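Residue numbers (the working numbering), protein chains in the order written: chain A, -4 to 406; chain B, -4 to 406.
None of these hints come from the bench; they were simulated from the model. Owing to the predicted nature of the structure, the values given are computational and were not obtained by experimental measurement. Among the hints, a few may not be true.
Think about it this way: if two alpha-carbon atoms lie no more than 30 Å apart in a straight line, the pair counts; the simulated DSBU-like pairs of lysine-lysine are [unchecked claim]:
1) A:LYS284 / A:LYS380
2) A:LYS268 / B:LYS291
3) A:LYS51 / B:LYS284
4) B:LYS380 / A:LYS399
5) B:LYS291 / A:LYS399
6) A:LYS284 / B:LYS347
7) A:LYS51 / B:LYS347
8) A:LYS399 / B:LYS347
9) B:LYS399 / A:LYS51
10) B:LYS284 / A:LYS399
11) A:LYS347 / A:LYS380
12) A:LYS59 / B:LYS380
13) A:LYS399 / B:LYS399
14) A:LYS51 / B:LYS23
15) B:LYS399 / A:LYS366
16) B:LYS347 / A:LYS347
17) A:LYS23 / B:LYS366
18) A:LYS366 / B:LYS23
Derived CB-CB ranges, DEER-like [what the hints assert, rightly or not]:
19) A:ASP358 / B:ARG91: 34 to 40 Å
20) B:GLU1 / A:LYS380: 52 to 58 Å
21) A:GLN119 / B:LYS291: 33 to 39 Å
Note that CB positions come from ideal geometry on N, CA and C, so glycine has one too.
2 protein chains.
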Amino acid sequence: MTGKTEKIPGGVTAAKGFMAAGVAAGVKYQNRKDMAMVYSQAPCTAAGVFTSNVVKAAPVIWDKEIISGEQTVHAVVVNSGIANACTGELGYGYCRETADAAAASLHVPVDSVLVASTGVIGMQLPMDKIRAGVCMLAEAKSDTQQAGDDAACAIMTTDTISKQTAVTVQIGGKTVTIGGMCKGSGMIHPNMCTMLGFLTTDVCMTKELLQDALRRTVQDTFNMVSVDGDTSTNDTLLLLANGQAGNPVISEPGEDYEHFCQALHEINETLAKMMAGDGEGATALFEAKVVHAASKEDARMLAKSVICSSLTKAAIFGHDANWGRILCALGYSGALFDPERMELYFESRAGKMLIYRDGQAVDYSEEEATKLLSEPEVTVIADMKMGEEAASAWGCDLSYEYVKINADYRS
Amino acid sequence: MTGKTEKIPGGVTAAKGFMAAGVAAGVKYQNRKDMAMVYSQAPCTAAGVFTSNVVKAAPVIWDKEIISGEQTVHAVVVNSGIANACTGELGYGYCRETADAAAASLHVPVDSVLVASTGVIGMQLPMDKIRAGVCMLAEAKSDTQQAGDDAACAIMTTDTISKQTAVTVQIGGKTVTIGGMCKGSGMIHPNMCTMLGFLTTDVCMTKELLQDALRRTVQDTFNMVSVDGDTSTNDTLLLLANGQAGNPVISEPGEDYEHFCQALHEINETLAKMMAGDGEGATALFEAKVVHAASKEDARMLAKSVICSSLTKAAIFGHDANWGRILCALGYSGALFDPERMELYFESRAGKMLIYRDGQAVDYSEEEATKLLSEPEVTVIADMKMGEEAASAWGCDLSYEYVKINADYRS
Chain A
-4 MTGKTEKIPG GVTAAKGFMA AGVAAGVKYQ NRKDMAMVYS QAPCTAAGVF
46 TSNVVKAAPV IWDKEIISGE QTVHAVVVNS GIANACTGEL GYGYCRETAD
96 AAAASLHVPV DSVLVASTGV IGMQLPMDKI RAGVCMLAEA KSDTQQAGDD
146 AACAIMTTDT ISKQTAVTVQ IGGKTVTIGG MCKGSGMIHP NMCTMLGFLT
196 TDVCMTKELL QDALRRTVQD TFNMVSVDGD TSTNDTLLLL ANGQAGNPVI
246 SEPGEDYEHF CQALHEINET LAKMMAGDGE GATALFEAKV VHAASKEDAR
296 MLAKSVICSS LTKAAIFGHD ANWGRILCAL GYSGALFDPE RMELYFESRA
346 GKMLIYRDGQ AVDYSEEEAT KLLSEPEVTV IADMKMGEEA ASAWGCDLSY
396 EYVKINADYR S
Chain B
-4 MTGKTEKIPG GVTAAKGFMA AGVAAGVKYQ NRKDMAMVYS QAPCTAAGVF
46 TSNVVKAAPV IWDKEIISGE QTVHAVVVNS GIANACTGEL GYGYCRETAD
96 AAAASLHVPV DSVLVASTGV IGMQLPMDKI RAGVCMLAEA KSDTQQAGDD
146 AACAIMTTDT ISKQTAVTVQ IGGKTVTIGG MCKGSGMIHP NMCTMLGFLT
196 TDVCMTKELL QDALRRTVQD TFNMVSVDGD TSTNDTLLLL ANGQAGNPVI
246 SEPGEDYEHF CQALHEINET LAKMMAGDGE GATALFEAKV VHAASKEDAR
296 MLAKSVICSS LTKAAIFGHD ANWGRILCAL GYSGALFDPE RMELYFESRA
346 GKMLIYRDGQ AVDYSEEEAT KLLSEPEVTV IADMKMGEEA ASAWGCDLSY
396 EYVKINADYR S
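So that you can see chain A by itself, here it is in the shape it has in the complex (with noise of 0.2 Å):
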């Protein structure tokens, strides 16, 4: 029973304590949600991930701070539409008093508000707007799985599909629970973190355990997803915990930890898995699996550049087994290996394909190919026979909607 994990319904209201809300403020899109909150009563330890851009957003620099302190975490406040990137001292003053009306809603501490934003670089808030959408926020906020399905479709942007996922496991006797939601379509291509996603957990555990499981279950799940190679200016992710859970502090890792980071790497990867394949124009999930990789630094490398390729990823659209790109792409990675070795396999519902073996194609049929390549989710798995290691990187295909979305996103 212990450490077993159960995927359950909802986002961010599914552990114990959290409450949620989308409301439609106006910040710029118009007739839809676009502010979110996310709000626990009981205070929380907090953990985060942000951009390794050097360019940073405002509310990344902002958090950033808060969560290097020791002090607890009560609420994140969430805008879509306009990043706050770029924007100077005055924008870094609009997460200041975008927290500081939250507080006052909430009676909470100006420094337990984290603030998030999403949208076009370079704008400035609209903070009579922004003021008016917390005072709806925090009236109303509720615990009902209809409030984070709210609050995850307000932090939207091109996304077409919200994403939330929770699971629970069981630790130190009790049922522990985590959810999250994130949003990311465009300028994906995560270091350290995604675009924006947001986790609550009931755990009871230490802010250093916190943060070291955050970071390791980055690495395997949002850090190998890439939409476009872009790096946001705003990549964040946050994960509370308020510790209604009532287990047993964890504040040593060991197995109760362990269930918790196995847990938590769930929840990021069917994240991870759900934003790549919305990204902007996707009409597939692309996955890339390296096995038997030398090493697993080689194996992230591998899987990550064959995912970002624009040819591979425009062959993935018109559903052409073109190996060549991919072999090309595994190439130009950074990692070392032997060409006439490896193997190269195409899978999907539809079966599984050897396309490449010593160094040449095998006399497979085209024709099964591209039917293979024409579902919704496509897997190219690359067989190195190096060693040990592997890696798995998630990306979509290259279409003429992700042109239109990006060509003109700002009118």
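Please arrange chain B on chain A, whose structure you already have, making use of the hints.
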């Protein structure tokens, strides 16, 4: 007079003693020229730079062996349509057979014949057609400008225009000529060199310096181009020097050597820009010019990061002054800088505009910016205010056409 370069008409046949040809051999394409030859009766010193991809096409392996040896070179045979990459031992054998056929037709040693291929990866060459093509090429070769044009057309794949250029430079009282042609439109992200480029010169120079000059000028020209971030398996740039200009042999660094490098840089920059502007599906040549960077390496990384950003490229296609994406791309380039201090400008034939300063956008006119960005050549200038180093990189916009070309390239 000494060291003065002058642009002249022509390409690979511009330099004294070089002949060329282009014929339709039906390798894969129908009803168009698809095989080319460059030939010098006088033996040539040869230099070359090749792809850094771990997966190297058979012709790359063949050429590297010859270039690394001491023997002189007489000819290069090129085919388009099939890349002879990922073709195993058989493919490598076909390189030798091609060189054998040329050696027999031209009465030169087999190891004085370089070969190059470009096109689909993984397909074997139809050797009967290649052999017949070599005979036609040997027959047709001539030192006319038309022959150079024919060769430049024959090496094209998805290129929409042929690419050649030539300059003269005064060295040691003699007129030295350098001419060149190249091809490349997709899978363009050269690292150590371009897709395929062939340069001829009548300069008299030692092999060591020739190789040095090529490597040095490639760094700021071909290596600063990207169409889609995919480093090809076939990248090859060859430089043949037959010494027919009669200048005193250049055997050590000095004024003569510098003048030659300067002329070679001019040739390489012209060809590199032609390649970027003719990127698959491109409607505009997109240049990123980085000035006042802290180091040369930083300048190159920053410039290349901007022209590689899919989001920025899509914005250029839409004539959208989405400077936030440019700042974002600078931010994840790997170079450190202060976003609050730097400045951003757009420039084209229509004028020059300041867009961003002091950490935020200036009050520019979107209408004027769109007008400026509607020109066929568009430059973004990033003034980093960090030091004295500069670099330029060249790419193109990302259009529907790019996706179309690459979704069904093989069909």
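- Task: Measure nothing beyond the straight line between the CA atoms of B:LYS380 and A:LYS399; if it is 30 Å or shorter, mark the hint as holding.
- Result: With Cα atoms ~35 Å apart, B:LYS380 and A:LYS399 exceed 30 Å; violated.
- Message: Given the hinted pair B:LYS399 and A:LYS366, is their Cα-Cα distance within 30 Å?
- Response: Holds, at about 19 Å.
- Restraint status (C-alpha distance of B:LYS284 to A:LYS399 at most 30 Å): Given that 30 Å is the threshold and the Cα spacing comes to 26 Å, the pair holds.
- Regarding the pair B:LYS347 and A:LYS347, is the alpha-carbon distance no greater than 30 Å? Between B:LYS347 and A:LYS347 the Cα gap is close to 55 Å, so the pair fails against 30 Å, i.e. violated.
- Take a quick look at whether A:LYS284 and B:LYS347 sit within 30 Å of each other, Cα to Cα. 47 Å, violated
- Query: Does A:LYS59 pair with B:LYS380 here, judged by a C-alpha cut-off of 30 Å?
  - Reply: Judged against 30 Å, a Cα distance of about 27 Å means the pair holds.
- Given hint A:LYS399 paired with B:LYS291 - CA-CA distance at most 30 Å: 35 Å, violated
- Item | C-beta pair A:GLN119, B:LYS291: status relative to the range 33 to 39 Å that was hinted | 36 Å, holds
- Query: Within a Cα-Cα threshold of 30 Å, do A:LYS347 and A:LYS380 meet the stated pairing?
  - Reply: 19 Å, holds
- Message: Check the hint pairing A:LYS51 with B:LYS23 against an upper bound of 30 Å on the C-alpha distance.
- Response: This hinted pair is violated, its Cα atoms lying about 50 Å apart.
- Query: Is the hinted pair A:LYS399 and B:LYS399 satisfied, with a Cα-Cα distance of at most 30 Å?
  - Reply: The given pair, whose Cα atoms are some 13 Å apart, holds under the 30 Å limit.
- For the pair we were handed, A:LYS399 and B:LYS347, check the Cα-Cα distance against 30 Å. Roughly 27 Å separates the two Cα atoms, so the pair holds.
Hint compliance for this structure: hints 2, 4, 5, 6, 9, 14, 16 and 19 are not met, and every other hint is.
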